[in-house]
Structure formats: structure tokens, C-alpha cells
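From just these sequences and the hints, can you work out the full model?
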Amino acid sequence: MNAGAPVYSLSPGFNKGEILIAGGGGVSKSGLPNSLIFAKINDDGSFQTIATRKFEKQVTCVTARLAKKKTYAAVAVGSEIILMNRRYEPITTFDTHMQKFIFRSLDIAPTGHIMVAVDGDDSLRLFSLPSLKEIASTHENSVQRASFMTIDGNLYIACASQNKIQILKPESDLPLVAESEEFQLEPKEVKCVDNVIYFNGADKKKMCSSIIKLAFNGSPNLAELSNVTPGAKMFTAMGVTSNSVLLATRDGDVVILNRFSLKISKIIPKVHTFIGSAITGVDNFVVSGSFDHSVVATEYHEVKQNFKKFIYLCVAVLLLAVFIGISVNHGK
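So in our numbering, spot 125 of the sequence shown is number 125, and the numbers just go up one at a time.
A portion of the hints provided could be inaccurate.
Straight-line distance between alpha carbons at most 20 Å, and here's what the computed EDC-like set of lysine to aspartate or glutamate pairs gives [stated by the list, open to error]:
{"#": "1", "residue 1": "Lys100", "residue 2": "Glu89"}
{"#": "2", "residue 1": "Lys40", "residue 2": "Glu89"}
{"#": "3", "residue 1": "Lys54", "residue 2": "Glu89"}
{"#": "4", "residue 1": "Lys54", "residue 2": "Glu18"}
Think of the hints as simulated: they come from the structure by calculation, not from any bench.
Here it is as C-alpha cells:
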């Protein structure tokens with residue numbers, strides 16, 4: 001699919017097979033639209049455009065969260081955040097008045113009652129929903145990426161702050177409860193599943209990225225579980241599903257890691273002709289976008305972790321049966 005402009009952000013929608021595509025050429029590039037595209041992925045991986053909304057300023061971030069009672073989507077346009085309801089109708093708007101018309105990240109809490117944003121000034125902002133009232137914020141140049149995580153019913157914010165990962169409570173003073181050691185990597189993405197944090201950091205000197213897996217167990221020091229550099233590639237975008245870590249590269253490749261071992265499950269070369277700028281999972285598809293204006297859905301069926309354990313158990317039982325059979329025959 002040709003989005004008509006550089007793609008900055010992708011998010012699964014509320015409906016099956018739905019994808020939200022944010023991108024644009026900015027105010028200075030004539031001929032390239034700034035838009036939010038609502039599309040559906042067909043069974044064959046092709047796209048069907050449902051609707052397109054155009055804006056005067058660049059569209060740099062989009063997110064959607066399907067909650068039981070509070071279901072919202074949000075899109076960042078220029079210096080503003082626009083909150084939308086389940087029908088994608090605008091509810092309210094908040095203007096950050098920042099000079100850099102780009103947002104680093106947007107994430108709505110699983111409960112749907114608050115949202116965290118990181119703006120172009122590298123400042124974290126916490127909002128209540130649906131009012132978009134600002135609850136808290138940090139000073140400039142303090143946070144690069146942020147994502148919610150839930151542990152035992154308690155909500156936290158995992159953020160890439162300078163060269164480390166920090167865990168904050170989503171309260172008015174944003175108290176720090178845990179942090180990692182410094183990585184000396186440029187933050188590209190931070191994603192969470194349960195109490196596990198996935199960090200994509202770039203080493204520009206070595207021209208490769210590290211994927212670091214950490215755990216928050218209530219201790220003030222985050223436990224580092226894994227630190228890998230898959231294929232010595234530079235990863236420009238990351239997404240996480242229930243079983244996989246999805247990565248887009250500066251060369252236009254897509255790399256899929258097993259979420260538990262961080263080993264490479266699959267490499268899909270040359271999905272795009274230019275930098276992969278966004279990636280996410282929608283049903284059985286890995287959806288990636290690029291600055292070359294393309295959005296591609298690649299079918300990929302995840303191997304369920306429980307199924308893998310079942311296979312290992314079957315192999316173990318088979319080996320045990322063979323061993324018993326050999327022992328019995330030897331005894332005769």
C-alpha cells in the first residue's frame with residue numbers, strides 16, 4: 001500500500017484486521033499530504049482504505065486502546081494531541097505549544113483512563129481521559145520514549161530516560177520507583193508485556209542496535225534478563241506481540257525475534273526500499289511502514305509458547321520410551 005507520504009506511526013485499530021496509519025510530509029514539503037489513514041487488511045495481505053483524514057500539520061504518532069468501558073484512540077498532529085472515541089470521532093484536543101512538530105510516543109493505559117505522551121522536546125506528559133487534562137509533566141530533554149506496564153493490578157510507566165530505563169508511578173509528581181544501569185545507547189523504542197520491558201537502543205558508532213530485556217520485580221534496580229544484537233543490524237522501529245518482538249531495519253528488512261529467548265525466528269529481507277519507520281502486529285500479519293511511503297502486511301503465524309512446550313514434552317516422552325525399551329531388551 002502506498003500511503004502517499006512518509007509513514008511515522010502504525011497502530012492496530014479497534015476492529016479485526018484494522019490498521020491506523022499516521023504520516024505526512026510536514027508543512028514545508030508541498031505535494032505530500034499529512035494524514036491519518038484508516039485501513040483494513042484483507043486475508044491476502046492487501047489493504048482496503050476505509051477513510052482518510054487530512055491535516056495541515058505533520059501527523060507523527062497514533063495509538064488505540066480497546067478497553068472494557070473506556071475505549072479511545074489518539075493521534076498527534078503538529079503540536080496537538082487529538083483524542084477520539086470508539087468511532088474515531090474527535091472528542092477533545094490538547095496543544096503542547098512545542099516548537100518541534102513531532103511526538104516520540106503515545107500510549108493509552110490498559111484501563112483507558114490515562115495516557116502518556118513524549119513530545120518533541122523530550123518531555124513526558126501524563127493526561128487524564130477523556131478530558132485530556134494534564135496531570136503531570138517532566139522538564140525538557142528528560143525522556144525519549146514511554147509505555148505503560150501493569151503488574152499485579154498496579155499501573156506503572158516504563159520510560160527511556162537519557163541512557164537508562166526508569167519506572168515511574170503515574171501520579172502528579174511522577175515518583176521514580178526503579179531504574180536500570182546506563183546503556184550508552186540512543187533510545188529508539190520501549191515496549192512492555194506484563195513486568196517485562198523491551199528496549200531498542202542504537203549504537204551509532206558500531207552502526208547496530210541492541211535489544212535489551214529487563215524485568216521489574218518491585219526492586220529499585222531493574223533486572224537485566226537479556227542483551228542481544230540480532231544480526232548486527234540497526235533497528236529503527238520495534239513492536240511487541242504476545243510471542244514475538246518485531247523489528248524494522250534501516251535497510252528496509254523486517255526481523256522477528258522470539259519474545260522469550262530473543263533469538264531470531266525469521267528475517268524478511270527488503271520489505272521496503274528505504275528505512276523502516278514503524279512496525280506492529282495485526283492478527284496474523286506483521287505490518288511495517290517506511291519513509292518510502294509504503295505500508296506492507298506480511299503474513300506470519302507465531303509459534304505459541306505452550307505449543308512449543310508440548311512438543312518438547314512429547315520428544316522427552318518418546319526418548320524415555322526408547323530408553324525403557326532398550327533397557328528391557330538388554331535385560332532379556
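Here is how each hint holds up against the structure:
| no. | hint | result |
| --- | --- | --- |
| 1 | Lys100 <-> Glu89 | violated (26 Å) |
| 2 | Lys40 <-> Glu89 | holds (18 Å) |
| 3 | Lys54 <-> Glu89 | holds (14 Å) |
| 4 | Lys54 <-> Glu18 | holds (19 Å) |
Violated hint: 1 only; the structure is consistent with all others.
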